[in-house]
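Those protein sequence lines, which keep their order, are chains A and B. To get our numbering, take the position in the first sequence, counting from 1, and add 38. To get our numbering, take the position in the second sequence, counting from 1, and add 362.
Calculated directly from the structure, the hints in this document are not laboratory data. Every residue gets a Cβ at the ideal spot worked out from N, C-alpha and C, and that includes glycine. Just to be clear, a hint being listed does not mean it is correct.
Claimed, not checked - Among chain A residues calculated to face chain B with C-beta under 10 Å, some are: (1) C101; (2) F162; (3) F287.
What the hints assert, rightly or not - Derived DSS-like pairs (lysine-lysine); straight-line CA-CA distance at most 30 Å: (4) A:K230 / B:K570; (5) B:K588 / A:K182; (6) B:K519 / A:K229.
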Amino acid sequence: MPIHEKHLIRPENLSTHDNLVIDGVDVSGDWSTFIKARVVTDYNEQIEEEISALPGGEFIHRCWQCGSCTNSCTVNALNSDFNPRYWIYLIRMGFEAELVRDKDLVWQCVSCNKCTYACPRDVFPEGVMKATAHWLELKGHTVKSPSTQFDEEFSSQVFRTGKIEDGRVLLGFFRRSGQSLFQPWLVVMIKKMIRGLPLVWLTKMGWSALFHPRTRGWGPAGAAIQEYAREQEHKHLAAVRGGHPEAMFDPAK
Amino acid sequence: MDKKTAYKKVAYYPGCALEGTGHAYNKSTRAVGKKLGLELEEVKNWNCCGAMEVKNIDPKIQTYLSSRVMSIAANEMGHSVVMAPCNGCYHNLKKAEYDLAHDEGSREVTERLSSKAGHTTYEAGQVETIHALDWIKDAIGEEELAARVKNSLNGLKIANYYGCMYTRPRHIFPEKDSGPGSESTSAPHFMDDLLAAAGAENVDFALKTACCGGAHTLSDADTSTKLVANILIAAEEAGAEVIATECPTCHTGLEMHQIRAETNFGIKTNVKVMYFTQLLGIALGLSPRKVGLQENVSDGRAALKARQIG
Chain A
39 MPIHEKHLIR PENLSTHDNL VIDGVDVSGD WSTFIKARVV TDYNEQIEEE ISALPGGEFI
99 HRCWQCGSCT NSCTVNALNS DFNPRYWIYL IRMGFEAELV RDKDLVWQCV SCNKCTYACP
159 RDVFPEGVMK ATAHWLELKG HTVKSPSTQF DEEFSSQVFR TGKIEDGRVL LGFFRRSGQS
219 LFQPWLVVMI KKMIRGLPLV WLTKMGWSAL FHPRTRGWGP AGAAIQEYAR EQEHKHLAAV
279 RGGHPEAMFD PAK
Chain B
363 MDKKTAYKKV AYYPGCALEG TGHAYNKSTR AVGKKLGLEL EEVKNWNCCG AMEVKNIDPK
423 IQTYLSSRVM SIAANEMGHS VVMAPCNGCY HNLKKAEYDL AHDEGSREVT ERLSSKAGHT
483 TYEAGQVETI HALDWIKDAI GEEELAARVK NSLNGLKIAN YYGCMYTRPR HIFPEKDSGP
543 GSESTSAPHF MDDLLAAAGA ENVDFALKTA CCGGAHTLSD ADTSTKLVAN ILIAAEEAGA
603 EVIATECPTC HTGLEMHQIR AETNFGIKTN VKVMYFTQLL GIALGLSPRK VGLQENVSDG
663 RAALKARQIG
């Protein structure tokens, strides 16, 4: 029998034979690959509860593994290792070690919401992906992903001034993630923009990158949001056993 | 009040992107509205809706941010309709509307933050949020639009690209998929309808609601470039000369990753990218400059000239 979703089985758990005789019958060709028997004892049954406590993860318990999420997934079409159904399975079974192997993939969810559209059980898989990526960071399994760095840069600008400005976000993100501004595509893009944009507008954009545009009277709203965000960050950290405080978001930074 | 009357004068929420890289979308939306006799009153002192990022910090903060915009439109300006041309803003206002109508926790947080910020708390149902597509489709319609066309798009071959946030997830758009005349979440057609009325030929384009990777356009640029390359190649294979857009993030993403696909992956495509409001404006007799065509990174002026448009 062929093994479906064979790519999910790690190579070291597969046993392959060119010539195989079982009980005197030559089964070469038909039965060349076997999954090795193994016993898993290191369950962490707390994972589902911890991820459910983070925003987006609330409805993971509804999943009945139909696979509509993975089937519709934008990122899965580029990389079959990106598999929301499988991760939800691992979380619900408590296979922490297996989940952690994909620690640097989960954050790549692009939030297109095709999974949420397709899901017959309202699991909101897009939210589960975000909660799982957040959990992996809070648990200390991985460092803050570029996506988290971007979210934090963007959000702290909104919390401070009420608005964002494209150039300021780009500069802030490149600084945070230690990337160079001199990327070939960016140079071409900026040259083309300079050609087309009126001088007044370019001056205005440069001006806003230096002197941040803000929503008038934003102070009290910004302060209330920051206070609430801090409370939530503490709540999220407390929900994850052994959580790492350095993975929390500080809106003032 | 019927939609035709209700949408004649609406509150306008341009959002951050339309003041930055999406400047041409802002300019062309305003110009088309003026040309069609529709009135826009900008929401006073608006703030960011939270885009794709704030929800990953905490979804209820995003609900509050979007609710503040709707509260100002309703309680300080007396509007019952808010029009947002950006898919991200439109999506977030719709999502806040849904969450405030259905989730007690979202209501509590919104009330707490609104009272600390010192403004009236937005109540679900105070305004209807619409997209620029709904606005023109329902206030003007194809028939009237066709009658006002001065400068037909002359069979220009267009692939209409709607993106993710205009249609998904379904539950935040209760008015879609609701019978004849309504927009479809699986096969959206409002942009196709308007551009056909302006004389364009819409090509059979399979990736109308595919994702451009906008959320990770900088943080996972290679993924976004691959996704955009798929969209550009599919549009070219369908025979499109222009991809029409209705979102500043999609539009900038298509332009940026068209360049990046060439510099980083050697994938060259020639299809041009224009906002649907730029195309409509030109059809209505506005000059390319008036709709900001010279500001597009993807320069489509030659494509229009080749079809003797404008």
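Verification of the hints:
1. Hint status for C101 (chain A) relative to chain B: violated, with the closest Cβ pair at about 16 Å, above 10 Å.
2. Given hint, F162 (chain A) at the interface with chain B, holds; its Cβ is 8 Å from that chain's nearest Cβ, closer than 10 Å.
3. Proximity of F287 (chain A) to chain B holds as hinted, the smallest CB-CB distance being about 6 Å (cut-off 10 Å).
4. A threshold of 30 Å between alpha carbons decides the hint, and for K230 (chain A) with K570 (chain B) the separation of about 26 Å falls inside it, so the pair holds.
5. Pair hint K588 (chain B) plus K182 (chain A) holds up; C-alpha atoms about 23 Å apart against a cutoff of 30 Å.
6. Taken as a hint, the K519 (chain B) and K229 (chain A) pair is honoured in the structure, with Cα atoms around 28 Å apart against an allowance of 30 Å.
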